[in-house]
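J.: Single-letter residue listing:
Number of protein chains: 2
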Amino acid sequence: MSDPTPGDGGAVAAPDTEGRVLTGFRPTGPLHIGHWFGNVTNMVRLQADHEAFYFIADWHMLTTHYDRTEELPGNVRSLVLDLLAAGVDPQSVTLYRQSDVKEVAELTLLLGMITPLGWLERVPTYKERLRDMAERDIANLGLLGYPLLQTVDITIVKGELVPVGEDQVAHLELSREVVRRFNRLYGEVLVEPRALLSRAPLVPGSDGRKMSKSLDNTIDVRDDEDAIRTKVRSFITDPKKVRRGDPGRPEICPIFALHELFSHDILEWTEENCRSGALGCVDCKTNLADRIVTYYAPFRERRDELDREPHLAEDVLAEGAAKVHPVVDETMKAVRSAMSLG
Amino acid sequence: MSDPTPGDGGAVAAPDTEGRVLTGFRPTGPLHIGHWFGNVTNMVRLQADHEAFYFIADWHMLTTHYDRTEELPGNVRSLVLDLLAAGVDPQSVTLYRQSDVKEVAELTLLLGMITPLGWLERVPTYKERLRDMAERDIANLGLLGYPLLQTVDITIVKGELVPVGEDQVAHLELSREVVRRFNRLYGEVLVEPRALLSRAPLVPGSDGRKMSKSLDNTIDVRDDEDAIRTKVRSFITDPKKVRRGDPGRPEICPIFALHELFSHDILEWTEENCRSGALGCVDCKTNLADRIVTYYAPFRERRDELDREPHLAEDVLAEGAAKVHPVVDETMKAVRSAMSLG
Chain A
360 MSDPTPGDGG AVAAPDTEGR VLTGFRPTGP LHIGHWFGNV TNMVRLQADH EAFYFIADWH
420 MLTTHYDRTE ELPGNVRSLV LDLLAAGVDP QSVTLYRQSD VKEVAELTLL LGMITPLGWL
480 ERVPTYKERL RDMAERDIAN LGLLGYPLLQ TVDITIVKGE LVPVGEDQVA HLELSREVVR
540 RFNRLYGEVL VEPRALLSRA PLVPGSDGRK MSKSLDNTID VRDDEDAIRT KVRSFITDPK
600 KVRRGDPGRP EICPIFALHE LFSHDILEWT EENCRSGALG CVDCKTNLAD RIVTYYAPFR
660 ERRDELDREP HLAEDVLAEG AAKVHPVVDE TMKAVRSAMS LG
Chain B
360 MSDPTPGDGG AVAAPDTEGR VLTGFRPTGP LHIGHWFGNV TNMVRLQADH EAFYFIADWH
420 MLTTHYDRTE ELPGNVRSLV LDLLAAGVDP QSVTLYRQSD VKEVAELTLL LGMITPLGWL
480 ERVPTYKERL RDMAERDIAN LGLLGYPLLQ TVDITIVKGE LVPVGEDQVA HLELSREVVR
540 RFNRLYGEVL VEPRALLSRA PLVPGSDGRK MSKSLDNTID VRDDEDAIRT KVRSFITDPK
600 KVRRGDPGRP EICPIFALHE LFSHDILEWT EENCRSGALG CVDCKTNLAD RIVTYYAPFR
660 ERRDELDREP HLAEDVLAEG AAKVHPVVDE TMKAVRSAMS LG
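Line by line, the protein sequences are chains A and B. Everything in the first sequence is counted per the numbering used here, starting at 360 for the first residue and increasing by one. Everything in the second sequence is counted per the numbering used here, starting at 360 for the first residue and increasing by one.
Note that these hints are calculated values from the structure, not bench results. None of the values given here were measured: they were computed from a predicted structure. Watch out, some of these pointers could steer you wrong.
Since the list gives no way to pick one copy over another, a pair counts as held whenever it fits inside one copy or between any two copies.
As a list, the in silico BS3-like pairs of lysine-lysine whose alpha-carbon atoms are at most 25 Å apart [what the hints assert, rightly or not]:
1) 600 with 486
2) 569 with 517
3) 486 with 572
4) 644 with 600
5) 682 with 461
6) 599 with 569
7) 461 with 692
8) 517 with 461
9) 644 with 572
Work out the full structure, taking the sequences as your base and the hints as a guide.
T.: Structure below.
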């Protein structure tokens, strides 16, 4: 599933792009610009010409945030409204909450019986997460099983295409291996998913590292104008460009990386005048902040409207559950029958 | 859960024996004498003065027999009828099939999020199984998670007492640790189970090793008279007692170990005359076979009657499911609420 890190906002690159799309989103907190260009814009784009299943991966959140479940209900509601305001259309896609599909747990248990530990242990993100979150207590069975849970999310709705960034390819490869093993053991029941490989735009945070909530370097999509301006001002820039007049290097400047996302109207001008030194960083940041504010203004307006409907998120999720259940029932009936289970 | 190995047929030894009893039985094949004295007699005894939940652990069977699921339906039916014929009373106990309680999978997934891998890896039976079944391909996530699945079986019905042999104490200790961790994180929701420690009688097979299907050294409880006599004759005895007249050592003889279970009427006589040499092994085996045949005759008769009711097992399991579901629903409602899950 999409982690709260930039993923796959770029153009769809895979040649084989027909089929049912499945992607999930962990409700770990406010959406930031990295999520937006990594996942959200992609979800909006894909719904136009694909049958799409999008889900709120609340059980996945437990793999790293099991000790913060009190945040879950608020995060789930907020994420649903964010997606709606961003343009995800619950009439056109199936938008549901993972934990509303209890069969996900059943299939996880069943596939766990045929998934070698070695396959899970060698998924690179497993060790990365253990390392990145060393100060927290997450070396649990659930974290090791994370890619298997993803496999189930995909196969239980017969997902065929999974938008992934480069760093998620190993996860999907595991999913394909597990599906093949199941089908070899019990017959051709599960659908082997394919990666919808996307070039993720690099979305740096205020410190130049990848934008990420845990690094406290984000600009959130629901930040108000003041917050956006303050945060943009706090970004590092080319350390060799100390004052206006000094030539800058856009290619290493996180502010310029954001200009590439928000400032198509002045992108060339910004690059030229940064390099020449004519443009100072203070003005350059103001230009960027103006554009981020403008870009998200309609989103924030829609989002505020949606926020006034207290039951909207739950209603949307209930409709999504009703839409996803027949698909899941069909898969599980076939799985149980193939395994001679009651 | 009780494995298809002798477990706990001896007298209840724990001082604290009040509470709801939970035990499971893997449907891995025909019941043998080891199961009978390890588990079945205990189940019959405990139902008299305890509220008892007994279940057919079909999902557990997958941890080691995932490639033999075609045997499952027959094994499940057979095990249910065996238990009924042995005296387990489905009116008095709740007798159900694990896979009919899908919430077991949900709670397994949730508890997996807070169960350290290290706790599971250090359960002794995990490495033993890997070693004992080295020729088979079972180093899967499901095998590692086995003790967690047991934990769920117990806690999902608020089981308080779990009959265990010495070799299962580590499993139950893990269950207690997981329950404590859950309650510490989310509030006092789950019940900490206690071991109902029992002295298991040693039930040796024909080769003198522990009676076990995988060693092909069993006498099955539904063997007919001819099979019983043939199998008893095939048992090894004291290798120093070659012919009648040679003194024997009952304490190392598997036939005498079975006499201790079946031959109360001639136990002292057998011991004396074996030691003196007056009793030859051929006669001694005939005496044992006579008693095994007699012991199981009423069971086999009842079992044959039950076998003529084609829907009995399914009906009993359906009733059991109806009885267990309200208990499970109550637990899961409390669990989800404590974890702020929908």
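J.: Go through the copies and call it for residue 600 and residue 486: within, between, both or neither, with a Cα cutoff of 25 Å.
T.: neither (38 Å within a copy, 60 Å between copies)
J.: Given identical chains, is residue 486 near residue 572, meaning Cα to Cα at most 25 Å, within a copy, between copies, both, or neither?
T.: within (20 Å within a copy, 40 Å between copies)
J.: Since the copies are identical, ignore which copy is meant and state whether residue 644 and residue 600 lie within 25 Å (CA to CA) inside a copy, between copies, both or neither.
T.: Answer is within: at 14 Å inside a copy they meet the 25 Å cutoff, but 97 Å across does not.
J.: 25 Å Cα cut-off: does residue 682 pair with residue 461 within a copy, between copies, both or neither?
T.: Both ways: residue 682 and residue 461 sit 14 Å apart in one copy and 21 Å across, limit 25 Å.
J.: Please sort residue 569 with residue 517 into within, between, both or neither, judging by C-alpha distance up to 25 Å.
T.: neither (32 Å within a copy, 46 Å between copies)
J.: Treating 25 Å as the Cα threshold, decide for residue 644 and residue 572: within, between, both or neither.
T.: Close inside one copy (21 Å), not across copies (75 Å); limit 25 Å.
J.: At most 25 Å between C-alpha atoms: does residue 599 with residue 569 qualify within a copy, between copies, both, or neither?
T.: within (21 Å within a copy, 77 Å between copies)
J.: Measure nothing new, just compare the shortest in-copy and cross-copy C-alpha distances for residue 517 and residue 461 to 25 Å and report within, between, both or neither.
T.: both (16 Å within a copy, 21 Å between copies)
J.: Within a copy, between copies, both or neither: where do residue 461 and residue 692 come within 25 Å Cα-Cα?
T.: both (14 Å within a copy, 13 Å between copies)
Comparing the model with each numbered hint stated earlier shows that hints 1, 2 do not hold.
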